[in-house]
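6 protein chains.
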Amino acid sequence: MKVCRRETFNAAHRLFIEDWNEAKNLEVFGKCSYPNYHGHNYTLEVWVDGDIDPNTGFVVDLKTLKHIIREEVIERFDHKNLNLDCPEFDGLNPTAENIAVVIWKLLRNRIDESFKLEVQLTETENNKVFYSGEE
Amino acid sequence: MKVCRRETFNAAHRLFIEDWNEAKNLEVFGKCSYPNYHGHNYTLEVWVDGDIDPNTGFVVDLKTLKHIIREEVIERFDHKNLNLDCPEFDGLNPTAENIAVVIWKLLRNRIDESFKLEVQLTETENNKVFYSGEE
Amino acid sequence: MKVCRRETFNAAHRLFIEDWNEAKNLEVFGKCSYPNYHGHNYTLEVWVDGDIDPNTGFVVDLKTLKHIIREEVIERFDHKNLNLDCPEFDGLNPTAENIAVVIWKLLRNRIDESFKLEVQLTETENNKVFYSGEE
Amino acid sequence: MKVCRRETFNAAHRLFIEDWNEAKNLEVFGKCSYPNYHGHNYTLEVWVDGDIDPNTGFVVDLKTLKHIIREEVIERFDHKNLNLDCPEFDGLNPTAENIAVVIWKLLRNRIDESFKLEVQLTETENNKVFYSGEE
Amino acid sequence: MKVCRRETFNAAHRLFIEDWNEAKNLEVFGKCSYPNYHGHNYTLEVWVDGDIDPNTGFVVDLKTLKHIIREEVIERFDHKNLNLDCPEFDGLNPTAENIAVVIWKLLRNRIDESFKLEVQLTETENNKVFYSGEE
Amino acid sequence: MKVCRRETFNAAHRLFIEDWNEAKNLEVFGKCSYPNYHGHNYTLEVWVDGDIDPNTGFVVDLKTLKHIIREEVIERFDHKNLNLDCPEFDGLNPTAENIAVVIWKLLRNRIDESFKLEVQLTETENNKVFYSGEE
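These protein sequence lines are chains F, H, U, X, R and A, in that order.
Here numbering that gives the first Met the number 0 is used: the first residue of the first sequence is 0, the next is one more, and so on.
Here numbering that gives the first Met the number 0 is used: the first residue of the second sequence is 0, the next is one more, and so on.
Here numbering that gives the first Met the number 0 is used: the first residue of the third sequence is 0, the next is one more, and so on.
Here numbering that gives the first Met the number 0 is used: the first residue of the fourth sequence is 0, the next is one more, and so on.
Here numbering that gives the first Met the number 0 is used: the first residue of the fifth sequence is 0, the next is one more, and so on.
Here numbering that gives the first Met the number 0 is used: the first residue of the sixth sequence is 0, the next is one more, and so on.
Here chain F stands alone, though its shape is the one from the complex (with noise of 0.2 Å):
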């Protein structure tokens, strides 16, 4: 059994490598790399699986898990400069992939083990990612 919580937060990024020169950075990253930072509305998925328990029926009981969520991820993301604000993507390029590898590994330290915990990240109504920590 899983179950999900799905919060949402609004953030400004741009995708760049440090190490690469301004053409290069365009050349890969398109204008995502524009110096000047865009932004989204990112939906944020966690799935937490585990048993039901018998007592409450639950899996985990979601407003616990919308509490955590908001605390470790909301609070540190909502209406942040993920490149400038953001200590988490120091020498890590914010892309979804890596956002959705420091939510998970965020939201790993306060889930409890017995559970398998995914994250789903949409970033734009087309594109989005799934990370299940299963590398």
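Each hint should be verified, as a subset may be incorrect.
The list cannot tell twin chains apart, which means a pair is met if one copy fits it or any two copies do.
[Unchecked claim] Here are the simulated lysine-lysine pairs, DSSO-like style, with alpha carbons at most 30 Å apart:
id	residue 1	residue 2
1	30	1
2	62	104
3	30	62
4	65	30
5	104	1
6	1	65
7	62	23
8	115	104
9	115	1
10	1	62
Treat the hints as calculated values from the structure; they're not laboratory data.
Because the structure is a prediction, the values reported are computed rather than measured.
Place chains H, U, X, R and A on chain F using the hints.
Okay, now just chains H, U, X, R and A, sitting in the frame of chain F:
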């Protein structure tokens, strides 16, 4: 190859453990335990996993699946109070998780064993559960 | 210029006229009149129509509008039984139309007269109503 | 008869009045005023109101409208920082309301006078604005 | 007070003026004029505007409206080829605009004159039309 | 880590087995077998599963994936009649399942073998299929 049919139903429920007093129910389930019930538009996705029939090009006929879902789930739960009207939830807290298990079992009886069955139940735009019967 | 804030709430209700017997209620309201209630995820859009404040660039601050909606509507109706818990529907059938009028009146008291007010209430993905107070 | 074309763009912005100090900006605009910008996936609906051409059956060719929107709006604002990159917002706070007015004026120049023009701009799933040019 | 019922149908069509040759049709209508048809999932919203009946709390019974839409629109156009199967489009190019006018007229005959009638027809996620009969 | 690109196309089709007579086709496929075709807005999600490139932070560049999907799928099927225009469906009933397999094979040729490939094809808001190539 997996195929999916989506159906919806509207029902009232409250989360409530009979063995607990009101205060403990309120502490654990919050406003979901309010005594006079609240309700949801439930969205159900039923996934059936199997091989494509080389004659029809179908895994299963989704019209047939639609009728099975309507007979087993929609007629049973639509516009009902899950706590009061539905014996499936006697002594079983009607959390999204438990509703999904009940639905999965009802449908499992009607879908040929050669197919794997999964259900996803969306309770609100932020909360959903997925059950594949693999416990 | 019109601006819109969207909020959601979950409630139970039944359609039922006290002066009618069960048979007539069932004939007119169908399964919406079932005695033990059913429920919906209601989606409310509140539109405020006025001039842009040349200082802020806002018609109204949507954060303020969000708080007004939560105080007047969400705290009042969320996770409630509209028939049993809400005196606003004493003697008033809680159809989507009547809920929208009640909400419009509650909000009208809190929005400056210089603004026009409209509400849209979505009851299911197929049914919604829109009220602009122009009777 | 009204026809609508939907397009999307992603941009960074902050809400900020230059004549105010940081504290007042923060008080009025909250986290929308954070100094390093945040961003949104903006969804734009452009409505054109007029008679159906009896030859083509179109009010306007939506392919043509698509190209006008892309030239005037998407190329100008997509993957940009509205505060830093876009002279349209020099001295103009890039609220959804003001962005909608700017877009309406850009498109008004390109749509024949015989048609009425309206724009709806969605900033988040909860916030949107609608501008019809009738001030 | 306005109320809305949403229904869907799937149909094939092509945009094509018989008096024009293939080259001109292709120039004006692009790939929408390809000779062997393409198709859409059409989403229809029917809005009825009137006073609330003080007995029922309904403007109109949406169940009744649903049946009228299904009789007049869905049975007529669902899983049909609008050009080949539907005499309503003899000599009338089945653009979204013209389909909306045809639907409006079919429904106007069935809705009491005391109510205003509006239809919105969505052809793709980016293209839609709205017709209120006010020409 | 899986990444997803969404694209859409509009096509006409009918479900029909040449070796069967009209009566049997109608019995099995219902209105989906009507002779003059109907159509859908198909939504395609293409999922690519692999490791994150430590240089770019991408699994695959979604701009590149977009171009591959457009070349292999959209240009081939958009605004086409799958039965009449597309040799991929000669002797193959264009069910959602079979369309998904055809698309998967077309894309599999263009995506590096080191990546797993999955496609989800949505035919209507209620019907969709998912194919991972694991038969």
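Each hint, compared with the structure:
For the identical chains of this complex, residue 30 and residue 1 are inter-copy neighbours only, at 23 Å across copies versus 37 Å inside a copy, given an alpha-carbon limit of 30 Å. In the homo-oligomer, the alpha carbons of residue 62 and residue 104 lie at most 30 Å apart both inside one protomer (20 Å) and across protomers (27 Å), since each shortest distance falls under that limit. Taking the closest pair of Cα atoms, residue 30 and residue 62 come within 30 Å of each other only across two copies (11 Å); inside a single copy the shortest separation is 38 Å, beyond that limit. For the identical chains of this complex, residue 65 and residue 30 are inter-copy neighbours only, at 15 Å across copies versus 34 Å inside a copy, given an alpha-carbon limit of 30 Å.
Taking the shortest Cα distances, residue 104 and residue 1 sit within 30 Å of each other both inside one copy (19 Å) and across copies (16 Å). Proximity of residue 1 to residue 65 under the C-alpha cut-off of 30 Å is found in both arrangements, the shortest distances being 15 Å within a copy and 24 Å between copies. For the identical chains of this complex, residue 62 and residue 23 are inter-copy neighbours only, at 16 Å across copies versus 45 Å inside a copy, given an alpha-carbon limit of 30 Å. Taking the closest pair of Cα atoms, residue 115 and residue 104 come within 30 Å of each other both inside a single copy (12 Å) and across two copies (24 Å).
Taking the closest pair of Cα atoms, residue 115 and residue 1 come within 30 Å of each other both inside a single copy (9 Å) and across two copies (17 Å). Taking CA atoms no more than 30 Å apart as the test, residue 1 paired with residue 62 passes in both settings, with 15 Å inside one copy and 27 Å between copies.
Every hint, counting from the list given before, is met by this structure.
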